[in-house]
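Trainee: Given the structure of chain A, go ahead and fit chain B onto it with the hints provided.
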Amino acid sequence: MESDLSVSRRGFLGSMVAGGVASTWPADAQRAEAASTGAPPPVQTALTINGQRHELTLDPRVTLLDLLREHLGLTGTKKGCDHGQCGACTVLAGGRRINACLSLAVAHDGEQIVTVEGLTRGETLHPVQAAFLEQDAFQCGYCTPGQICSAVALLDEIRAGAVSAATADVSRLAPAALSDEEIRERMSGNLCRCGAYPNIVAAVRAAGGRRAA
Amino acid sequence: MRAFAYTRATDVSGAVAAARDPDVKFLGGGTNLLDLMKMGVEHPGHLVDVTRLPLAAIEERESGLRLGATARNSDVANHPLVRQRYRVLSEALVAGASPQLRNMATMGGNLMQRTRCAYFYDPTFAECNKRVPGSGCAALQGYHRMHAILGASEACIATHPSDAAVALAALDAVVRVVGPGGERAIPIVDFHRLPGDTPQLDTNLRGDELITAIDLPALPFGRRSHYLRCAIATPTRSR
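Read top to bottom, the protein sequences are chains A and B.
Residues in the first sequence are numbered consecutively from 944, following the numbering used here.
Residues in the second sequence are numbered consecutively from 1303, following the numbering used here.
Only chain A is shown next, with the shape it has when bound in the complex:
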């Protein structure tokens, strides 16, 4: 148990990020700096993240992943490979799962972004989060936020009738059954170096069944 004086790693890192945000240059200063050095101008953008609107002035190079983690302190979304291969950075943009690492933040102007922090309703876990706990669907937990965001989208996609490489007949428009083959294929954009795959499949299956009930 933590005493009142202890500082958790997460709390410490969080406070450091908050300090970083407070020292962000004002937009006017950024523009003046850009003009004096010949650097391209920063871009005004507004994103709604987990229901909260953020108006930002950003260097266009900032990825959506770095915006979340480094600028806004939302460290639930993880940086794994930073090349779109591991899925640790998976978030929902306009309800669709994407790799935040290969996406410029400014390109999402006006969009609704949901991260793992935005899945709970108050103190109530999202059914996919609850299923991951119940099925012990992780070991170290680093890939878990991406796995969970991906699974949330997967269940929406299945309901909407989306196909996958495991779908036997793509010309049949009825939703595919949530078979283990479909779950494995549809979760293949999320790697787990601990190898928790069997329990991840069980968690997605359980969450899918529960939501259908």
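Quick caveat, the hints were computed from the structure, so don't treat them as lab data.
Just so you know, not all the hints are guaranteed correct.
Stated by the list, open to error - Short, incomplete list of chain A residues facing chain B, as computed with Cβ under 7 Å:
1. PRO983
2. PRO1003
3. ARG1136
Since this is a predicted model, take the numbers as computed values, not measurements.
Backbone N, C-alpha and C define an ideal beta-carbon position, used for all residues, glycine too.
Mentor: Same frame as chain A, now just chain B:
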């Protein structure tokens, strides 16, 4: 990463006009371009985002089906008319990348992803005729079991990674583009270039041209077509 300017195109003619500057590149889903920029392989000074142009529609036409250039890979793969009339294309699209990447990647961008190999992707290898014309090819004497068997040259043995392009070739697709001189149509088999002695040129699209759509002709056999990928890891289909 080199600093770049970012602007959002609001109409096709404006995007084409901006691309007269050779330092401009169009940004679609960014799944390949942004990755290459992180690696220092691509370094445009200005990205023109074309994803908000009105080019995302998938429309039935008398002559077949028109796929808008900014339609996302997943939207095309899941479209009922693609699934029923052009099965090979739906199956090829879901054979590639991951669900996340397919939600981001556009159809035009799928064709414009670079023909590539691991040596091209890594600037610490000085030899790459694609990156630095005339510098040689590190892959020829390197680890190259994943490289080209057909169509390669002495200058380059990289391959184009698109599964969808293979299906589009089988379907006799036509790529519609617009440039300063107006529109033109490029049959898909003439769109990508073999490396020859100019492997730095992946396609026959000019730098100031923008892909607006991919047209699929009406083809009776499309309903019975399939895509079968032979790869080290192939998913099991549900029975």
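Trainee: With reference to the structure, classify each hint as holding or not holding.
Mentor: Going down the list of hints, with the structure as the test:
no.	hint	in the structure
1	PRO983	holds (4 Å)
2	PRO1003	holds (4 Å)
3	ARG1136	violated (16 Å)
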